[in-house]
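Undergrad: Here's the letter readout for the chains.
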Amino acid sequence: MAARSLRRGHPLSRAVGVSVPAGAPPATSQVLPTIRKPAGGGKRDQLGSLLFLAPAAIWLLAITIYPVIATFRNSLYDENAASYVGLSNYKAIFSTASILVNFRNNVIWVVIFPFVVTFLGLVFAVLTERIRWSTAFKTIIFMPIVFSATASALIWRTIFDLDPHIGMVNAAVQTVSDWVNPPGLYPVNVSAGQTAAALASTGLSPGPSGSLQSSSTAAAGDTVQLGLIGISATTLQVVGAQTAIVPTPSSGAISGLVYRDFSPSNPTVRGQVFPDEVGLPGLRLTLLRGDGTSVTSTATDQHGDFRFDNVGSGSFRVQIDAKNFGSGFTGIFWLGSQSVTPTSHLSQTAQALLSVPLVDLAMIVAYLWMWAGFAMVVIGAGLTSLNRELLEAGRVDGATEGQIFRRITMPLLSPVLVVVLVTMIINVLKIFDIILNMAPGSSQGDASTLALAMFNDGFTGGIHSGLSSALAVILFLLVIPAMISNLRRIRG
Amino acid sequence: MKPKFLPMAVMGGLLLAACGTSGTTSSSSSAQGGSVTLWAEWSSGEQNAFQGALQPFQTQTGTTVNYASKGSNIDTVLEAAVSGGAPPDVALIPDPGTLQTLAKQGSIKELTSIVGSLSSNYGSAWNTLASYNGKLYGVWFKGANKNTIWYNPAEFAAASISKPPTTWEELIQDAATLKAAGVTPFSLCTDVGWPVADFWQNIYLKTAGADKYNALSAHTVKWTDSTVTTAFTTMAQLVGTPSNLAGGLQGSLSNAYPACVDKVFPKAGAQPQAAMVFEGDFVSLEITGNSKNYTPGTTGAGGAACTTDPSKTPCYNFFDFPAPSANSANKSAIQGAGDVAVMLKDTPQSEALIKYLAGPDGAAIWAHLGGFASPNNKVPASAYPDPVGKGIAQALVGASSFVFSLDDLQGTWEKNMWQDLLNFVKDSSSSSISAIQAKMDQEATAGLGH
Amino acid sequence: MSAVQTAVAPAARGTQRRPFRFRPSRAVLDIVLAVVAIFWLVPTIGLTIISLRPERLFQQSGWWTALTAPAQLTLQNYSTLFSQGLVPGGVLDSLTTSIAITVPATLLVAIISSLAAYSLVFGRWRGRDVVFLAVVALLVVPLQVALIPVVQMFKVFGSLSGFNPYGTLLGVVIFHVAFGLPFGIFLMRNFLSGIPTELMEAGRIDGAGQWTLFQRVVMPLSLPAAMSLAIFQFIWVWNDLLIALVFLGGNPHHPLTIFLYDQTRTLAANYWVISTGAMISILIPLIVFFSLQRYFVQGVLAGAVK
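Protein chains in written order, with this note's numbering: chain A, 1 to 492; chain B, 1 to 450; chain C, 1 to 306.
Simulated from the structure, these hints should not be mistaken for lab results.
For clarity, every value in this text was computed on a predicted model and none was experimentally measured.
Possibly wrong hints are sitting among the right ones.
Said to hold, decoys possible - Derived DSS-like pairs (lysine-lysine); straight-line CA-CA distance at most 30 Å: (1) B:K212 x B:K104; (2) B:K222 x A:K91; (3) B:K390 x B:K331; (4) A:K91 x B:K439; (5) B:K163 x B:K267; (6) B:K378 x B:K331; (7) A:K430 x B:K163; (8) C:K155 x B:K312; (9) B:K390 x B:K292; (10) A:K430 x C:K155; (11) B:K109 x C:K155; (12) B:K345 x B:K355; (13) B:K390 x B:K163; (14) B:K312 x B:K163; (15) C:K155 x B:K345; (16) B:K222 x B:K212; (17) B:K439 x B:K163; (18) B:K163 x B:K292; (19) B:K355 x B:K439; (20) B:K439 x B:K426; (21) B:K426 x B:K331.
Said to hold, decoys possible - Calculated Cβ distances over 10 Å to all of chain B for the following chain A residues: (22) Y84; (23) F103; (24) V126; (25) I131; (26) L162; (27) V173; (28) P183; (29) G210; (30) I229; (31) A253; (32) V273; (33) T293; (34) T341; (35) I431.
Stated by the list, open to error - Between beta-carbon pairs, the in silico distance windows are: (36) A:K91 x C:A100: 42 to 50 Å; (37) C:L286 x B:S311: 57 to 65 Å; (38) B:S430 x C:L86: 50 to 58 Å; (39) C:A100 x A:V173: 40 to 48 Å; (40) C:V32 x A:L390: 21 to 29 Å.
Even glycine gets a Cβ: it sits at the ideal position worked out from N, Cα and C.
Same shape as in the complex, but just chain A (with noise of 0.2 Å):
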């Protein structure tokens, strides 16, 4: 082989077929004189191969293996690393709160994030087999994996922003919500902490299910005056408010007037029907009777008056629906603190162990968004090398397609789906940029992970070594798992 090599011109670009670049030199046997060379190469030879790895040994031995025994070090000193303080960094991770908190978020995230990209991307990896225009559905998936974790942070942050003027995700929940619960025409923010009971002014009561009941009864006859306050400016344009007319009693009838109890010439009196006050026209209104059946039902007309003819005898409420007073939907606080899970009743640390704060879940989305594509990728190039006559000799046997992709298919996919797992595990114990620009300042605390603690704890404030270097030392010893089974994967 050699010596043929010597005579039919270059020998590297008929072996690979790889064109050799234009300038390349000569056959070397061309140029040197044929010498002999002992085929384990001498000791100059390998000088020179250690020589090649020089660069990067001094490199790593200096900036990463070095530094990994410093701070194991470190961890055992204080904030300036100069006196010897033992295990207190440890203790003192281990006792407080938020530290605790951190731990329970990372843990959140591991329990979660892995499994649901691994299995989000061999859903898409199995069914991108069929499709026609799998190379551009894959691109698409796959495209986020290139923007920072600070980018994506940021767009989801609008995503998931509270107005559904600027969120996508409450904006599309408000279309649905609205369209099946309309708001009122005179709506009342029941999140932002406003209640209808507390628009009740005069003669007014709450009633059951956020409605207003007149507090005392009416007789055929009476007039009723009702008192709101609390409504806007912005409302009393919209409805066409006018001038508050006291209508004259009408015999047989129950009649009446709701309006708007505040008067700018007197802000602070209630109660009286001020010649600058309006009526609330549009509200829907309901005639009760003392048992608390309905009679029939009418509304406001513009300048807040209303009447019931005919109510025969007895006592009676009037009723403002709680229909009138629909917020509509106003927004989830997708990126807020607040628990999925129930915790409020528990003690401080099983909060802090128990909780899972709906932000948490919001960034496990924007992540999935970034690494799916990453899975789906790996599972699919996994999927493509399997024996496909393994999978028809299972046809061939008539067992369903489920069958198949129980009993072959996953099992022999297994090796790749331990590789996504294990590399997105180590991922997630690492991330730091999304939680930092997309949890709101009110979150940050209860969203902050590990690896977010220590550059917050080491490189805040000025730079701290002993807390932050202990918390450097525990991320590390919970990647040792994923380190063994790497290497015993490259070694068996």
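Start from chain A and add chains B and C according to the hints.
TA: Relative to the frame of chain A, chains B and C by itself:
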């Protein structure tokens, strides 16, 4: 939106001529050339204004000022740079605690001989805050009056409130009146917690007084003290009722600065969602940035009535943070902040810059642009463009007692303090308050070392 | 085959031969995946549109309203940002800083990894495998573990030599290279071990020394792998925030990631800057991605454990 600025040199010169002081800084008359690196926290609009203020210095001395904006983290960034060996020549820092730390380390230079008689440009409270061991280490350039609650006069008028409240009780009463008129009283800024801290600190100052305030800041009064509890329960009167706040509790927790200001002073095309917002005097920059129609004071442009429509005649004004009527002695105590210039490298250029910053010229330029107040008593009232600006500056220069922002003096546990106060907003019940107080005291001990 | 039979047989026993029952029709699949694809694209499209809308519209109406009213779109935000010029801390300066950090880091990692991988594959020295295992172990080490000691090291170096890399772009590059090398060496080593040894033998017999072998034989062949590595490393460094935040504490010039991060921290932060800056920061990686997609995917498949 960002206003369009003339080229810096032209603007700086024009402004100095138009509203500058007579007798410009001749202390640095020799054209020195060279350059000086300067760090401060300002970016965007404030940066433009600051660089305009520096322009006369650059033209007069021929020294180039290499300005770098470091954001609100400048204290930690500066300390890191000092420990890493790469500090700037001059830095403007918002935290006198950092000044103390750096002076103790010997990382900044003493300024007594450099500044000389210019130190009389500042009241004694200001000079004390810029000193370490009795020696002067900094000169104040910008002061912030955090004693201001901004309100939309049109919204107040809609609720027939003819004049803003002068006591805390009146404030609570006005909130109820506003609600009756269908106006949400307050837009609470939360962000990472510093606006809530500023608010709480004002309440503590007004209820407990300046001496207790300073003692709490130094942690000689504990956070479990009853005065602290009083401050919390007083604040809860406002923030404990979600219907007082724009967006309720949820809305407040996602209400970062400057969006919280936009809720009271919106941009064109939007309606106000609340009547009052609290933060320092820099709020006016955000307001005027939202729409050019915003007029300072209680009447719109040309004396017209104020409207809520930003495209017509919207107005903005402030009232002093009110004290409970039982604590009226603390009425004119002011909490504030400021940026103090320190010198890290002693060069002729940095000395000249320090002297310039201690004089009134640079401050007058920025004052003219608005959103700026200087504790320098040589800056004339005419430098301020409107009654709002004048009022703020006068309060600063002439406060009966002046305290610095407490959270900025807490060092490493400042961030924890902010988080604790945010937790207070989330739950302002009395059990929550006592738990938070205990936690804060622990953190103060750990963070301050005593 | 017997393994397959045992796996499948217990279930198949007792059931008759059935035609395949559940196989979603192509049309359904197309629709489902199309919906997924649209969902996946929406955030990016949303960001683009936000950056093309005037700022005051941001709080008034959602970006999706622009889909039906395209007249409101404008390049104003971009022109305002660009007109700032190369002011330190501005978007253009951040862009150049990002490039200044990423390009050297990428080149250095590519070159040094190739050299090291060559040594690990073709070198005949004892301990080769141990070193490679060490590299594999380093793959998962979180960079947080090295941050503080390296900062301290830089300071010590600075006091000894007068030049402190902390606070300089060089310091950032140094750290990035260190944490790019394990993956780089891993990738290149895997690729190089696929090169037939006959080629190396042939070259050696022809009298080539190590350097010649490396330069003339190995490097041209490994160009695809080096490309994959370079692209992956490029995007990794371009998108980094933590290392830049820690090491550029003292520098008026910072990369785009810090520019974006700062926007959420300054008093005057507004979404027109954030969205426009985010678009600019996304643009370069997107170009790299689309033009060199194949190499990128290869890099990922080589076991991207970053």
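Undergrad: Take the hints in turn and mark each one as holding or not.
TA: Here's how the hints hold up against the structure:
no., hint, in the structure
1, B:K212 x B:K104, "26 Å, holds"
2, B:K222 x A:K91, "25 Å, holds"
3, B:K390 x B:K331, "19 Å, holds"
4, A:K91 x B:K439, "18 Å, holds"
5, B:K163 x B:K267, "25 Å, holds"
6, B:K378 x B:K331, "25 Å, holds"
7, A:K430 x B:K163, "55 Å, violated"
8, C:K155 x B:K312, "58 Å, violated"
9, B:K390 x B:K292, "19 Å, holds"
10, A:K430 x C:K155, "26 Å, holds"
11, B:K109 x C:K155, "22 Å, holds"
12, B:K345 x B:K355, "14 Å, holds"
13, B:K390 x B:K163, "19 Å, holds"
14, B:K312 x B:K163, "22 Å, holds"
15, C:K155 x B:K345, "19 Å, holds"
16, B:K222 x B:K212, "10 Å, holds"
17, B:K439 x B:K163, "40 Å, violated"
18, B:K163 x B:K292, "25 Å, holds"
19, B:K355 x B:K439, "44 Å, violated"
20, B:K439 x B:K426, "16 Å, holds"
21, B:K426 x B:K331, "29 Å, holds"
22, Y84, "19 Å, holds"
23, F103, "17 Å, holds"
24, V126, "39 Å, holds"
25, I131, "40 Å, holds"
26, L162, "5 Å, violated"
27, V173, "14 Å, holds"
28, P183, "16 Å, holds"
29, G210, "15 Å, holds"
30, I229, "4 Å, violated"
31, A253, "31 Å, holds"
32, V273, "15 Å, holds"
33, T293, "32 Å, holds"
34, T341, "17 Å, holds"
35, I431, "19 Å, holds"
36, A:K91 x C:A100: 42 to 50 Å, "44 Å, holds"
37, C:L286 x B:S311: 57 to 65 Å, "39 Å, violated"
38, B:S430 x C:L86: 50 to 58 Å, "56 Å, holds"
39, C:A100 x A:V173: 40 to 48 Å, "44 Å, holds"
40, C:V32 x A:L390: 21 to 29 Å, "28 Å, holds"
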